[in-house]
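Student: Residue-level listing of the chains:
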Amino acid sequence: MSKFSELGNALYSGTRSIDFIGRRKVWYAIAAVMVALSVILPIARGGYNLGIEFKGGSEFRVSGVSSQPLTLATDAVHTVVSNVDVSVTKVGTDAIRIQTAQMKDVQSEGVRQALAKAYHVASNAVASSFVGPNWGADVTAKALTGLIVFIALAAVLMALYFRTLKMSLAAITSLAHDLVITAGIYGALGFEVTPAAVIGFLTILGYSLYDTVVVFDKIRENTFEVEFSETTTFGRQVNLAINQTLVRSINTSVVAVLPVAAILFIGATLLGAGTLRDISLALFIGIIVGTYSTIFIAAPMYSHLREGEPKYAKAAAKVNAAN
Amino acid sequence: MAVSGVTKSARRRLVWLGAMIVSIAALIGIGVATGSSATLTPKLALDLEGGTSIILSPVVAEGTVVSEKELQQAVGIIRQRVDSTGVSEAQVSTQGNNNIVVSIPGKPDDNTLKLIRSSAKLEFRAVIATNSGATTSVGGNGSSASPSASAKSGTKTSASPTDASDLNWVTPALQAKFDALDCSKQFREPGQVDDPAQPLITCDSSGYAKYILGPVEISGSDIANATSGTTTTSTGAQTNNWAVNLSFNDKGTKAFSAVTSRLYPLTDPRNRFAVTLDGYVITAPATQAVITNGDAQITGNFDQISSKSLADSLKYGSLPISFQVQSQENISATLGTEQLASGLLAGLIGLILVVIYSVFQYRGLAVVTIGSLVIAAVIAYVVIAFLSWRNGFRLSLSGVAGLIVAIGITADSFIVYFERVRDELRDGRPLNAAVESGWKRAIRTIIVSDGVSLLAAVVLFTLTVGSVQGFAYTLGLTTIIDLAVVMLFTHPMLQILAQTRFFASGHPWSGFDSKALGANYRGRMEFKTSARVTETKKAKASKEATKRQTLAERKAAQQAEGDN
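Protein chains in written order, with our numbering: chain Y, 1 to 323; chain Z, 1 to 564.
With the rest of the complex left out, here is chain Y:
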């Protein structure tokens, strides 16, 4: 702790300071490259890896499989319907999930029997289900509406609280940055997009802004009446605020990411594909990107937007001349 709190002390008093504001062109450039990659890479990969909920299809779950090979399932499906794409995933400790294109009732009954035979389980240990192609699209359409409404409301809320549209603008820009990059990482690495992943993605909304609001609150405090200061400028005060809240930002992010990492770990190792893994993966990426963007996008951008205002620019010119 001592080292970390010493760092906190140094950052707080300003004896140690990282220049976030001055190097904003670097951060902007990095962000621009990241956003561009987030758009290009998924396209280059051939689009998102959409889950069955978006494509529609049949799904089978075989329980009591223990450690029998997954290839048995593919073969079993092909004995009933040849030339169909089969994706087999382990779910939980002793179950597997088989996804295929949507089948007719007769076919899926056949597959059910074939799977039961292949894995030597009773046929009622094989559950079959199917998802229409509209389900995921429906969820996503609603989620997108939610996203837009939320951004609009949050922008208004922040503008009212901080009494400046520019903070809203900077916060929403960094939020957009988080969303695009998280989606980009998903697309670039080919993670499966499921409704649960959409949930995780939406949670980033709340978290990313939460983080930004904490830092912005300090910025507001530090820049209060800064135009009357003879020793410091708007930009320096913003930078001080970022430095002063740096330890806090790191702590809140670590603490927020720990439980998410726990879900991700448990979800991925114990349960395999499923709700827990999908929610936490999107959130895991989102929290890290969100913390980064508050410091490197939101705050520098806010400073950028405001320090050009005549009253701050004039005060800053005076301070700089005095040095």
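Since the hints were derived computationally from the structure, they do not count as laboratory data. One should not assume that every hint holds.
For each label pair, taking beta carbons as the anchor points, the in silico distance ranges come out as [stated by the list, open to error]:
| no. | chain 1 | residue 1 | chain 2 | residue 2 | range |
| --- | --- | --- | --- | --- | --- |
| 1 | Z | 292 | Y | 156 | 58 to 68 Å |
| 2 | Z | 181 | Y | 55 | 35 to 45 Å |
| 3 | Z | 19 | Y | 156 | 30 to 40 Å |
| 4 | Y | 145 | Z | 19 | 34 to 44 Å |
| 5 | Y | 190 | Z | 504 | 50 to 60 Å |
| 6 | Z | 8 | Y | 32 | 52 to 62 Å |
| 7 | Y | 230 | Z | 8 | 42 to 52 Å |
| 8 | Z | 509 | Y | 10 | 19 to 29 Å |
| 9 | Z | 8 | Y | 30 | 52 to 62 Å |
| 10 | Z | 24 | Y | 90 | 37 to 47 Å |
| 11 | Z | 507 | Y | 145 | 45 to 55 Å |
| 12 | Z | 432 | Y | 224 | 23 to 33 Å |
| 13 | Z | 19 | Y | 149 | 32 to 42 Å |
| 14 | Z | 499 | Y | 156 | 41 to 51 Å |
No more than 25 Å apart at the CA atoms, straight line, and that leaves these computed lysine-lysine pairs for DSS-like [as the list claims (entries may be wrong)]:
| no. | chain 1 | residue 1 | chain 2 | residue 2 |
| --- | --- | --- | --- | --- |
| 15 | Z | 69 | Y | 142 |
| 16 | Z | 185 | Z | 121 |
| 17 | Z | 177 | Y | 104 |
| 18 | Z | 254 | Z | 121 |
| 19 | Z | 121 | Z | 177 |
From the derived model, a few chain Y residues whose C-beta atoms are all more than 10 Å from chain Z [to be verified]:
| no. | residue |
| --- | --- |
| 20 | 66 |
| 21 | 78 |
| 22 | 87 |
| 23 | 188 |
| 24 | 195 |
Owing to the predicted nature of the structure, the values given are computational and were not obtained by experimental measurement. Built from N, CA and C at the ideal position, the CB exists for glycine as well.
Take the given structure of chain Y and dock chain Z to it, following the hints.
Tutor: This is chain Z only, laid out in the frame that chain Y set:
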């Protein structure tokens, strides 16, 4: 021991918090004791309990919207169907503004699934032959029923039929099938779709009578309304006879007029028309008049209940919607338990990690963090148990994920507060003052940032469906709980602890060690300056410090100058 005002108010808030938790818990306790549906544990959703969940979405004509009322009626129909199969504890509910979710515990058999998936279809077909007589009749208002004798008809001809009542529909094959039909056995596939242009062999829904029916002449969507009521005599006096009043829309009126004009002159059973719901005859009244105005009345051996039930069937069946299955998901009970266990394990690990990290970062203060998290968990538990009892809330896997994610977000507000207090300590305030002034600044930040989280939860809950909603619900709930805990537990606890020697003296393990925090303001006007700071900077800093002095400090400084 003297108790300061701060401590008093802190204790009062702690008591309030305790009272809140105890009263919710007591309410649940009373609920359990009095045998209502309250349980000590929150009710689990299907993905944790195992079962099948089917999401149905309406298929509507382009440009039309399903109204809330129609959806509720559809829920009624589907619930009836599910209940009729003997499945217990099935839940049928609407989701969003146009989906219906059917949740069935365990694994339902194929018939139940097909029954749920199939759409309700109400159709009017002329009766060509039957083995039973009419028990109801249809006419204008005021007519009464006269059950007529049964007459089995089965003339075999080979000419092609000219109208929907034509006996020529009955081919030898059809007749053979009709003769072989045993209504006491299952003869229809659930969800079977019949060709509306072809005759139909079927039974009535009670399994007494069998029919050969002509092609579909009017569909249920042409019924404008159906109500039940007692009949009136020609003089307008109320009778005790129950009847079903049926009215058609324009298209239905024309069609019904044509059907009744054709059927009226015919003899029984061919003067009757059958109303089928999902292929079963629900009524087959004899025609007693040509009805041209679209207002018909079905009379017969009805009582209040049976007339209401028929009217409902006619009305429900007239819904212009059918449903398609959007998704169907089976979760075995084993997998459900496994998912719940994994979720809880993940939560536990997450909690432990957070605790370890906060001990590492905040030492003695971690006690407050742990205490606050435990309190938050207890509140979350009782509130969810309460809501699952009163509001039918069911905890799903995504809800559990929401709760776990909330651990971090809840702990975040403590961190915001602690760091604020540390900032105040760095400015040289004594601990109890720092706890107060830090609180004033932190609570604003906490409220607005929790406000943003809550806004996200509310927007997602209102605008989305299904698992997104479950997640948003728990996330919103825990955000509110977080606020309550910070105000009613974390702050008062810190106030009380600030009075203790261990914390107030800034013990190295208290997390508020002023040395470790490098409080750079040791007293009046004494700023600790780093050796690395240049002289000009030092001068600037002291200028700034002079500017930022409090009134008291300024006075003291002036006095000091005067003394010199």
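Student: What hint numbers does the structure not satisfy?
Tutor: 17, 24
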